[in-house]
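Engineer: Sequence:
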Amino acid sequence: MKKIRKQVVVNRDQAEHTRTERMVLEAVSHPFIVALHYAFQTPKNLYLVLEFCNGGELFFHLSRVPRFTEERTQFYAAETSAAIAYLHEVEIVYRDLKPENLLLDCEGHLKITDFGLSKRGIIDNVSAKTVCGTPEYIAPEIVERRGHGRAVDWYAIGALTFEMLTGLPPFYHSDREIMVQRIRRGELSYPAYMSSNAKSLLQGLLRRDPERRLGGGPTDGEEVRQHAFFETLDWVKLVQREVEPPFKPNVQSANDVRYFEKEFIKQPAVNTDVGAVGRDVLHIDGFTYDGK
33 MKKIRKQVVV NRDQAEHTRT ERMVLEAVSH PFIVALHYAF QTPKNLYLVL EFCNGGELFF
93 HLSRVPRFTE ERTQFYAAET SAAIAYLHEV EIVYRDLKPE NLLLDCEGHL KITDFGLSKR
153 GIIDNVSAKT VCGTPEYIAP EIVERRGHGR AVDWYAIGAL TFEMLTGLPP FYHSDREIMV
213 QRIRRGELSY PAYMSSNAKS LLQGLLRRDP ERRLGGGPTD GEEVRQHAFF ETLDWVKLVQ
273 REVEPPFKPN VQSANDVRYF EKEFIKQPAV NTDVGAVGRD VLHIDGFTYD GK
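Read in order, the letters of the sequence shown correspond to residues 33 to 324 in my numbering.
Just so you know, the hints here were simulated from the structure itself, not pulled from any lab data. Since the model is a prediction, treat every value here as computed from it, not as a measurement. Cβ atoms here follow ideal geometry from the backbone N, Cα and C, with glycine treated the same way. Watch out, some of these pointers could steer you wrong.
Said to hold, decoys possible - Below are the SDA-like pairs computed for lysine to any residue, each with C-alpha atoms no more than 20 Å apart in a straight line:
1) Lys280 x Gln46
2) Lys161 x Asp45
3) Lys34 x Lys280
4) Lys76 x Pro63
5) Lys35 x Asp312
6) Lys280 x Cys85
7) Lys34 x Thr145
8) Lys280 x Asp137
9) Lys231 x Cys85
10) Lys76 x Arg311
11) Lys280 x Glu295
12) Lys34 x Leu149
13) Lys269 x Gly88
14) Lys294 x Lys76
15) Lys34 x Lys231
16) Lys76 x His49
17) Lys161 x Gly181
To be verified - Distance windows between CB atoms, simulated:
18) Arg96 x Asp322: 15 to 25 Å
19) Glu139 x Glu243: 31 to 41 Å
20) Ala224 x His259: 20 to 30 Å
21) Tyr225 x Arg96: 16 to 26 Å
22) Leu220 x Glu243: 18 to 28 Å
23) Phe279 x Ala224: 32 to 42 Å
24) Gly318 x Gln39: 45 to 55 Å
25) Ser221 x His315: 46 to 56 Å
26) Glu123 x Glu209: 29 to 39 Å
27) Phe72 x Ile210: 22 to 32 Å
28) Glu132 x Asn43: 20 to 30 Å
29) Ser61 x Glu132: 34 to 44 Å
30) Val163 x Pro250: 19 to 29 Å
Can you build the whole structure from these sequences, using the hints too?
Structural biologist: Here is the structure:
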C-alpha cells in the first residue's frame, strides 16, 4: 500500500502528478504493469493499494551482482519495452524509468510501478515540457529543455539496458553537473565483452536526436522489437508470460519479503489518521477506486 501525505503533495505542488498517477493506474492493464486494487483518501492522506510484487526491486538484484548476463538483460529489457510500447499506444509517456521503479513478481516477471511523472495525451517527441526524471536515465532533450515525448522512454530503456550489462548507467558520474554535461556531449565507450547486437541496440536507443533514436520513429516500439538483440525472442509468448524468466525469486509465501532491504522492512507501519476528522488539506475528486 502506498501512502501519500496530502500536506507533502501541497507543499511540493504535486497535486497534478498525484492525480495523474491515480488515473493512469486505473486506465492501464498490462501483464508488466502493477495493478491498482483500491484507492481512497482521508483528511490527511491518500492511499493506493497496489499489486504486491515480492520479488523486490530490480535495483535490489542489480546491487548484488557486478552485472547481468545478456540473456537476463534481454528478458528484462523486452518486458520493459513491451510495457512502454503499450503505454505509448494509449498516449502515455512514462518518464521515470529506473531500476527502483521496476519490480519482480513472485514468478520473476517485471512490473512497472510509480506513475507520478507520467504524462497523458502525448503522441509525438516534443509536446511535453516539464523537466523531470532521474538524472542517470533522462534523455538529452529533457536536459536541454527542448520539449520531449515518447522517445525519452526509449532512451531510458537504453540507459537501463546499459546498466544491466555493465553495472553502471551510461555517462555516470558522482557529480551531477558533470554527468549532465556527459549526457549532452560525452562519448560513450562499450566494454569489449559486450556482443555486437547489444552494442548496436544501445547505440540506437541512446542516440541524442529523438527522431533518429531507436523507437523514436512513427512505429515506436516496433522498431525496438525488430532489433537483432531480440531476434531469439518470441514477443507474443513474452506478453502472454509464457517465456521462462531467467531468474525466479525464491519466495516461500505471499508474505516473504527477503528481496527487500532490511531498513525498509524494519520501519513500523504507522497510520495515525484512520477515522480521524479534521480539515481536508487537499481533496482529489474521483480519487476513490474499488477494483473488485
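Engineer: With reference to the structure, classify each hint as holding or not holding.
Structural biologist: Do the hints match the structure? See the list:
no.: 1; hint: Lys280 x Gln46; verdict: 36 Å, violated
no.: 2; hint: Lys161 x Asp45; verdict: 17 Å, holds
no.: 3; hint: Lys34 x Lys280; verdict: 25 Å, violated
no.: 4; hint: Lys76 x Pro63; verdict: 33 Å, violated
no.: 5; hint: Lys35 x Asp312; verdict: 16 Å, holds
no.: 6; hint: Lys280 x Cys85; verdict: 12 Å, holds
no.: 7; hint: Lys34 x Thr145; verdict: 11 Å, holds
no.: 8; hint: Lys280 x Asp137; verdict: 9 Å, holds
no.: 9; hint: Lys231 x Cys85; verdict: 31 Å, violated
no.: 10; hint: Lys76 x Arg311; verdict: 8 Å, holds
no.: 11; hint: Lys280 x Glu295; verdict: 23 Å, violated
no.: 12; hint: Lys34 x Leu149; verdict: 16 Å, holds
no.: 13; hint: Lys269 x Gly88; verdict: 24 Å, violated
no.: 14; hint: Lys294 x Lys76; verdict: 28 Å, violated
no.: 15; hint: Lys34 x Lys231; verdict: 38 Å, violated
no.: 16; hint: Lys76 x His49; verdict: 17 Å, holds
no.: 17; hint: Lys161 x Gly181; verdict: 9 Å, holds
no.: 18; hint: Arg96 x Asp322: 15 to 25 Å; verdict: 38 Å, violated
no.: 19; hint: Glu139 x Glu243: 31 to 41 Å; verdict: 38 Å, holds
no.: 20; hint: Ala224 x His259: 20 to 30 Å; verdict: 21 Å, holds
no.: 21; hint: Tyr225 x Arg96: 16 to 26 Å; verdict: 20 Å, holds
no.: 22; hint: Leu220 x Glu243: 18 to 28 Å; verdict: 20 Å, holds
no.: 23; hint: Phe279 x Ala224: 32 to 42 Å; verdict: 25 Å, violated
no.: 24; hint: Gly318 x Gln39: 45 to 55 Å; verdict: 21 Å, violated
no.: 25; hint: Ser221 x His315: 46 to 56 Å; verdict: 52 Å, holds
no.: 26; hint: Glu123 x Glu209: 29 to 39 Å; verdict: 34 Å, holds
no.: 27; hint: Phe72 x Ile210: 22 to 32 Å; verdict: 44 Å, violated
no.: 28; hint: Glu132 x Asn43: 20 to 30 Å; verdict: 23 Å, holds
no.: 29; hint: Ser61 x Glu132: 34 to 44 Å; verdict: 23 Å, violated
no.: 30; hint: Val163 x Pro250: 19 to 29 Å; verdict: 26 Å, holds
Checked against the numbered hints given earlier, the structure breaks hints 1, 3, 4, 9, 11, 13, 14, 15, 18, 23, 24, 27, 29 and satisfies all the rest.
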